[in-house]
Amino acid sequence: MFPTDARVLGPAQADDPAPRRPDRWRPKDWHVTAHVILIVLAAVAIGPMLVMVFNAFKSNAQIGANPLTPPTSLSLHNFTQAWHDGNYATTMRNSILLVGGSVLGTCTIASLAAYALSHLKVPGGGGVIAYLILASTMPVQLFLVPLFSMWTHLGLVDSRLGLLIIYWATEAPFATLLLRSFLIKVPRDFVEAARIDGASELTIVRRVIVPLAWPGVMTVGLIVALTTWNEFFWAMTFIHDPGKRPISISFLSFQDQYSTNWGLTSAAALFVMVPILLLFTIMQRHFVAGLTSGGLK
Amino acid sequence: MTRGAPISPPRRFRSAKAVRTITGWAFLAPLLGLNLVVVFGPSVATAYYSLTDWSGIGPAHWVGLANYTRALKDPAVHQALVHNLIWFVLFLSVPMIVGMLAAHLINRVHRFRTLYRALFFIPYITASVVNAAVWKMLLSPDSGIGHLLGTDFAWLGDTRTSLYAVNVVVDWHWWGFLAVIFFAAMQGVEPQLYEAATLDGANTWRQFWHVTLPGIRPTMIFIVLMTIIWSLKAFDYIFIMTHGGPADSSQVVSTLMYDQAFSQFSAGYAAALGMSMTIVVAIVLVAYRLIQKRGWEE
Chain A
66 MFPTDARVLG PAQADDPAPR RPDRWRPKDW HVTAHVILIV LAAVAIGPML
116 VMVFNAFKSN AQIGANPLTP PTSLSLHNFT QAWHDGNYAT TMRNSILLVG
166 GSVLGTCTIA SLAAYALSHL KVPGGGGVIA YLILASTMPV QLFLVPLFSM
216 WTHLGLVDSR LGLLIIYWAT EAPFATLLLR SFLIKVPRDF VEAARIDGAS
266 ELTIVRRVIV PLAWPGVMTV GLIVALTTWN EFFWAMTFIH DPGKRPISIS
316 FLSFQDQYST NWGLTSAAAL FVMVPILLLF TIMQRHFVAG LTSGGLK
Chain B
13 MTRGAPISPP RRFRSAKAVR TITGWAFLAP LLGLNLVVVF GPSVATAYYS
63 LTDWSGIGPA HWVGLANYTR ALKDPAVHQA LVHNLIWFVL FLSVPMIVGM
113 LAAHLINRVH RFRTLYRALF FIPYITASVV NAAVWKMLLS PDSGIGHLLG
163 TDFAWLGDTR TSLYAVNVVV DWHWWGFLAV IFFAAMQGVE PQLYEAATLD
213 GANTWRQFWH VTLPGIRPTM IFIVLMTIIW SLKAFDYIFI MTHGGPADSS
263 QVVSTLMYDQ AFSQFSAGYA AALGMSMTIV VAIVLVAYRL IQKRGWEE
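Same order as they appear, the protein sequences are chains A and B.
Quick note: the first sequence uses the working numbering, first residue 66, plus one each step.
Quick note: the second sequence uses the working numbering, first residue 13, plus one each step.
One should not assume that every hint holds.
BS3-like, lysine-lysine: derived pairs with alpha carbons at most 27 Å apart [said to hold, decoys possible]:
hint, chain 1, residue 1, chain 2, residue 2
1, A, LYS186, B, LYS305
2, A, LYS250, A, LYS309
3, A, LYS250, B, LYS245
4, B, LYS305, A, LYS250
5, B, LYS85, A, LYS186
6, B, LYS85, B, LYS245
In short, the hints are calculated from the structure, not lab data.
It should be emphasised that the depicted structure is a prediction, and the values quoted were computed from it without experimental measurement.
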């Protein structure tokens, strides 16, 4: 039955005055369609961000009349008021300190651990790796409440150091796993040569491993910087003193305070967003490399 | 090796190995020590407190499995679990479909690949507090998308829509990340397979279905299983945008647990909820190991 149908259909198609020739016109046409869809998707991704940028330059009355369109004049009033009222000079400094501390600390802890797990053949290393995967997947709800209680007793609540210790502990397992995947690629010969020259293991990490795996260290550092700058859960729970807050928390309370002043909150949001956007634009390659090479949280 | 062998006799070599083991554990010590204090120790404490009536401060009294039986019967928990389930279905399908489409298209075009990828990635790298603020503005009744559509409906403030409204925001910030992940995986698929498929007359859709999808299967399985875990852990956006409200209409297990611990001062009950979440995560991880062992992802 089916072959008959095909034979019936065959001549009919051949008689068609404009036969479909997929392989002649498709590729070009297909690329245009693909680009159109990709442009629409890009608009979906950054459209909301653009609205925020527009509104940061508008007064509330202008936003009320035209909430989604570009500003007609460039007023910086929202920026100066938000910077002052949100106390961003202080909280941005706090965030920079936290980012610096978490990047330095996490990279140091992770470099040592990743070296031990990649080049020192520690017995039980496989178990450590399995534990790290487990530890970085567990919900924070598992240890949140007793940790808070302990930090209260130790006087580490409302302390930037207390928050940093939590960042080191929670970011290091993931950083170690990611850095290890870079360190495995460092040839053993380099390490052996340094050992024969009498270098201590610590010197090997500092002078051989870190320089050779520098792109990996950069990637880990960038992800830790991004995570810490954007982090709000631990900071919200463990820091209550407005003078010690990071920028994410100060923005959150600023937004509560000026909940319907969209111009002001948009300007404030840009203070949080722009530093990361600049970092990302400059270092895009490292970001993408790290986040896609098994760097999943 | 050949150069090193004559210099170090067998005995010294053995002791060098022992030194290396000790050094190795010393290098692991800061990582494991911190983890012990911040993660492991408190986790064990949670297991204990989940069996007590602890308030978060002061003494705790043993109550056995009372917190767990209470959780099983608690309508608030049931409602939150239903919300987690809805969240999972949406969070698995919407960003996955959009991300897959975007990745496939980037993979098939030749120009502006890096630009598209960078633009798709921007919502993912932006702080959740900022994304939440942008969308609070866009979803507000007075000055957002509603203004364009001529409606003043409060999507975040209505019990029927709050959960879905927050989910839209989370899906929006997430699909670009999946697109980049899937694109990276697709680049590992051999180009010859596409050429062969083209010669066989397979159109784009068939190529996607029969070449691309099987090629990125390990990534797919990983993402699907992680999505179960991520859906269970959903917290940030819900907490920032609705606090689980209005009238608990967007409450999920993690926001409920936070509320119990820090507003209701039922730390023991919160611990039981935290333990239950952990058990589900552990089951998913075990399932993933099984899939890997059986080779189903290949």
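Hints and how they fare:
1. A C-alpha spacing of about 24 Å is found between LYS186/A and LYS305/B, which places the hinted pair at or below 27 Å, so the restraint holds.
2. The hinted pair formed by LYS250/A and LYS309/A fails the criterion: a straight-line CA distance of about 41 Å is larger than 27 Å.
3. A threshold of 27 Å between alpha carbons decides the hint, and for LYS250/A with LYS245/B the separation of about 34 Å lies outside it, so the pair is violated.
4. Annotation: proposed proximity of LYS305/B to LYS250/A holds, straight-line Cα distance about 25 Å (limit 27 Å).
5. Of the supplied pair hints, the one linking LYS85/B and LYS186/A is violated, its CA atoms being roughly 50 Å apart against a limit of 27 Å.
6. Note on LYS85/B and LYS245/B: the hinted pairing holds, with a Cα-Cα distance of about 21 Å set against a maximum of 27 Å.
In this structure, the earlier hints numbered 2, 3, 5 are contradicted, and the remaining ones agree with it.
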